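Go ahead and model the full structure; you've got the sequences and the hints to work with.
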Amino acid sequence: KVAIKGIERELICPACKELFTHPLILPCQHNVCHKCVKEILFAFEDSFADGGSESSNQSSPRIRISASSMDRIDRINRSGRKRNSLTPRSTLFPCPGCQRDIDLGERGINGLFRNFTLETIVERYRQAARAAIAIMCDFCKPPPQESTKSCMDCSASYCNECFKVHHPWGTVKAQHEYVGPTTNFRPKILMCPEHEMERVNMYCEICRRPVCHLCKLGGGHANHRVTTMSTAYKTLKEKLSKDIEYLISKESQVKAHITQLDLLLKETECNSERAKQEASQSFEKLYHVLEEKKSAALRAIETSTNIRLEKLQTQVEEYQGLLENNGLVGYAQEVLKETDPSCFVQTAKQLHVRIQKATESLKSFRPAAETTFEDFVVDTAKQEDILSDLSFHSSGLEIPEINEEQSRMYNKALISWEWPGKTDSADIYVLEYHKLNREEESVTWQKTEVCGKSKVLSDLDDDSSYAFRVRGYKGSICSPWSREVILRTPPAPVFSFLFDDKCGYNNEHLQLNPRRTSVESRAGFPLLLGSERLQVGCYTTLDYIIGDTGIAKGKHFWAFHVEAYSYLVKVGVVPSNKIQKLFHNTHDVTSPRYEQDSGHDSGSEDAFFDSSQPCTLVTLGMKKFFIPATPAAPKDPASRILPLPSCLGICLDCDRGRVGFYDAGCMKCLYECEVDCSGIMYPAFALMGGAAVHLEEAVTAKYREYHD
Numbered sequence: 001k002v003a004i005k006g007i008e009r010e011l012i013c014p015a016c017k018e019l020f021t022h023p024l025i026l027p028c029q030h031n032v033c034h035k036c037v038k039e040i041l042f043a044f045e046d047s048f049a050d051g052g053s054e055s056s057n058q059s060s061p062r063i064r065i066s067a068s069s070m071d072r073i074d075r076i077n078r079s080g081r082k083r084n085s086l087t088p089r090s091t092l093f094p095c096p097g098c099q100r101d102i103d104l105g106e107r108g109i110n111g112l113f114r115n116f117t118l119e120t121i122v123e124r125y126r127q128a129a130r131a132a133i134a135i136m137c138d139f140c141k142p143p144p145q146e147s148t149k150s151c152m153d154c155s156a157s158y159c160n161e162c163f164k165v166h167h168p169w170g171t172v173k174a175q176h177e178y179v180g181p182t183t184n185f186r187p188k189i190l191m192c193p194e195h196e197m198e199r200v201n202m203y204c205e206i207c208r209r210p211v212c213h214l215c216k217l218g219g220g221h222a223n224h225r226v227t228t229m230s231t232a233y234k235t236l237k238e239k240l241s242k243d244i245e246y247l248i249s250k251e252s253q254v255k256a257h258i259t260q261l262d263l264l265l266k267e268t269e270c271n272s273e274r275a276k277q278e279a280s281q282s283f284e285k286l287y288h289v290l291e292e293k294k295s296a297a298l299r300a301i302e303t304s305t306n307i308r309l310e311k312l313q314t315q316v317e318e319y320q321g322l323l324e325n326n327g328l329v330g331y332a333q334e335v336l337k338e339t340d341p342s343c344f345v346q347t348a349k350q351l352h353v354r355i356q357k358a359t360e361s362l363k364s365f366r367p368a369a370e371t372t373f374e375d376f377v378v379d380t381a382k383q384e385d386i387l388s389d390l391s392f393h394s395s396g397l398e399i400p401e402i403n404e405e406q407s408r409m410y411n412k413a414l415i416s417w418e419w420p421g422k423t424d425s426a427d428i429y430v431l432e433y434h435k436l437n438r439e440e441e442s443v444t445w446q447k448t449e450v451c452g453k454s455k456v457l458s459d460l461d462d463d464s465s466y467a468f469r470v471r472g473y474k475g476s477i478c479s480p481w482s483r484e485v486i487l488r489t490p491p492a493p494v495f496s497f498l499f500d501d502k503c504g505y506n507n508e509h510l511q512l513n514p515r516r517t518s519v520e521s522r523a524g525f526p527l528l529l530g531s532e533r534l535q536v537g538c539y540t541t542l543d544y545i546i547g548d549t550g551i552a553k554g555k556h557f558w559a560f561h562v563e564a565y566s567y568l569v570k571v572g573v574v575p576s577n578k579i580q581k582l583f584h585n586t587h588d589v590t591s592p593r594y595e596q597d598s599g600h601d602s603g604s605e606d607a608f609f610d611s612s613q614p615c616t617l618v619t620l621g622m623k624k625f626f627i628p629a630t631p632a633a634p635k636d637p638a639s640r641i642l643p644l645p646s647c648l649g650i651c652l653d654c655d656r657g658r659v660g661f662y663d664a665g666c667m668k669c670l671y672e673c674e675v676d677c678s679g680i681m682y683p684a685f686a687l688m689g690g691a692a693v694h695l696e697e698a699v700t701a702k703y704r705e706y707h708d
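Under full-length UniProt numbering, the first residue of the sequence shown carries the number 1, and numbering increases by one thereafter.
In case anyone wonders, no lab produced these hints; they're calculated from the structure.
Treat the numbers as computed from the prediction; the structure is a model and nothing was measured.
Certain hints may be false.
Below, computed lysine-lysine pairings styled on PhoX-like, alpha-carbon distance capped at 25 Å [claimed, not checked]:
1) Lys-311 to Lys-382
2) Lys-173 to Lys-149
3) Lys-38 to Lys-17
4) Lys-502 to Lys-578
5) Lys-250 to Lys-294
6) Lys-435 to Lys-382
7) Lys-474 to Lys-447
8) Lys-242 to Lys-255
9) Lys-412 to Lys-382
10) Lys-668 to Lys-412
11) Lys-285 to Lys-382
12) Lys-668 to Lys-435
13) Lys-311 to Lys-337
14) Lys-502 to Lys-447
15) Lys-141 to Lys-164
16) Lys-447 to Lys-382
17) Lys-555 to Lys-447
18) Lys-435 to Lys-555
19) Lys-382 to Lys-294
20) Lys-216 to Lys-250
21) Lys-412 to Lys-555
22) Lys-266 to Lys-276
23) Lys-412 to Lys-553
24) Lys-668 to Lys-635
25) Lys-266 to Lys-474
26) Lys-239 to Lys-250
27) Lys-337 to Lys-349
28) Lys-239 to Lys-255
DEER-style ranges, computed between Cβ atoms [claimed, not checked]:
29) Gly-475 to Asn-403: 22 to 28 Å
30) Asn-403 to Leu-19: 46 to 52 Å
31) Lys-255 to Trp-481: 17 to 23 Å
32) Met-136 to Asp-103: 24 to 30 Å
33) Ala-256 to Gln-99: 28 to 34 Å
Using N, Cα and C, we set each Cβ at its ideal position, and we do this for glycine too.
So this is what it looks like as structure tokens:
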């Protein structure tokens with residue numbers, strides 16, 4: 001038999017690090033105290049109520065909440081319900097044993113089984129640990145007597161006298177089951193937590209938990225494979241017995257592994273001490289260099305100070321000599337008392353020169369030395385940046401790469417990266433970025449730490465280019481910086497709108513999705529009927545749709561995707577005073593003059609066609625972007641056809657009266673023209689044949705982090 005005192009490691013709750021108290025079996029098959037589960041759930045709710053602050057995460061010393069778990073809790077707990085002080089509302093939390101996010105379902109704690117077998121083993125361990133401590137009778141008058149038996153039905157312990165009093169012969173209580181003194185009282189029958197009046201009599205092989213017949217008939221286990229409890233008991237007991245026998249038979253191998261691990265422990269400690277010494281020596285070298293630089297700088301300042309003080313002190317003495325009856329003036333006053341002309345002239349000539357110099361210096365007073373020490377300021381900005389990056393670099397750690405295809409610059413910036421290779425990803429990432437500015441000589445990187453593989457930034461300037469780089473940290477080891485990626489922000493603030501399903505919307509030809517962010521034109525039966533009436537030429541009317549929000553002033557930008565299979569799409573803007581004309585314009589058709597063999601090529605038709613358009617639009621289709629034929633455009637038609645970008649953008653500047661069409665992937669302007677902004681301007685789209693347009697989705701604060 002295994003000694004009960006040798007298994008205490010299996011009897012410790014992973015949350016509170018103490019012996020289990022009423023352990024519950026989680027869906028991941030780990031055990032946690034009932035009290036610990038409630039504390040974890042309450043800690044989640046407190047963190048959600050406090051906005052996930054760091055202080056709220058430390059409200060309970062038992063709990064450690066990960067950032068990814070906080071994001072999932074933030075999504076689930078948006079109902080706004082008030083918390084019950086007795087029952088936690090949240091049902092999602094990380095298992096302290098495996099750190100996986102566990103969803104307890106609608107019933108929460110009430111849907112978990114108590115592990116009575118583990119309770120019995122814990123109680124056996126407690127009894128072995130306190131063998132000298134007796135269990136006292138629960139019903140004796142003070143002082144209580146030592147109990148001799150415990151009733152499993154009454155969940156109480158009795159001495160001989162009290163047991164006879166409370167369990168008299170000839171009564172129902174006389175039939176109660178009693179055992180030796182214990183504090184572990186378990187029910188005789190295990191009841192179903194979902195159907196409290198039903199006992200469990202089957203075992204679900206899919207969920208690996210006991211269930212009752214109601215769970216199988218119409219509950220959550222209706223389509224699951226189940227077996228009888230006796231069969232499951234026999235099967236699991238045989239498997240467990242075989243596994244235990246196998247482990248016991250490999251005892252010599254286990255001892256060999258333990259010996260090897262002991263050697264590895266000692267080797268790890270020795271290597272750790274060696275690494276500490278090497279790290280200390282490296283920092284001591286830096287300290288030595290800094291001390292030498294510090295001493296040299298202080299010596300230079302001290303030398304300059306002494307020279308300046310000496311000059312200023314000499315100047316003070318010179319000016320003190322200019323005072324009456326003092327120094328040079330006093331000496332000159334004594335010379336003036338000389339009555340002998342020859343002696344006076346002999347002395348006064350040199351004295352007069354000194355007096356003139358003193359007079360000139362008095363008129364143009366200037367200190368003999370500077371008082372500031374601006375030339376002795378030590379610039380350590382670059383060194384501080386280098387020291388801030390000082391860490392353990394490892395060539396074996398993979399370098400993350402920024403994924404330019406998944407990264408987006410729209411209303412906010414979404415930067416995504418990948419961890420190459422098959423190794424585990426880093427524990428944490430550091431993303432740095434800075435604005436590209438030719439005028440700035442030094443670059444100041446802004447830094448942010450990220451737990452996942454993407455980050456949303458919202459503090460970037462419009463119409464600016466930014467450089468991004470990322471590195472990963474695994475413990476105290478960091479990878480080299482990734483390749484710098486340059487991305488450009490939109491030329492103006494992002495304008496949000498939806499497709500208007502009321503004004504001029506033709507639901508026979510166009511189809512909107514429920515969110516009104518996508519519109520599709522299908523070349524169906526109505527188009528065939530319209531073409532059937534035409535015998536000559538190919539005149540087909542476009543189907544227009546506009547945005548539900550207008551622009552009166554300012555500069556705005558919006559983006560969208562055009563499906564690659566689209567035959568013909570026109571995009572641009574339309575003023576409010578021409579919307580009615582837009583939906584009833586008879587000239588807005590595909591003209592036969594653009595066909596190769598039509599023979600129509602007159603300039604008058606060009607002028608008439610352009611002047612008749614009520615709005616400013618460019619043509620897209622068949623994976624091409626067509627630059628309009630204007631005097632400034634190239635005369636060669638082939639040079640006016642560009643590949644269709646995966647994402648297009650439109651920038652409307654009402655103040656300047658201009659509209660630009662951009663490749664929203666790189667924010668490059670493809671075409672710009674003047675536009676009449678006298679009225680309220682609306683985004684306009686026109687589709688013909690098989691075509692589809694999808695508005696660009698705004699980047700939110702939690703974008704893509706849910707997927708991580």
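Going back to the hint list, which numbers does this structure go against?
1, 5, 9, 13, 14, 17, 20, 31 and 32
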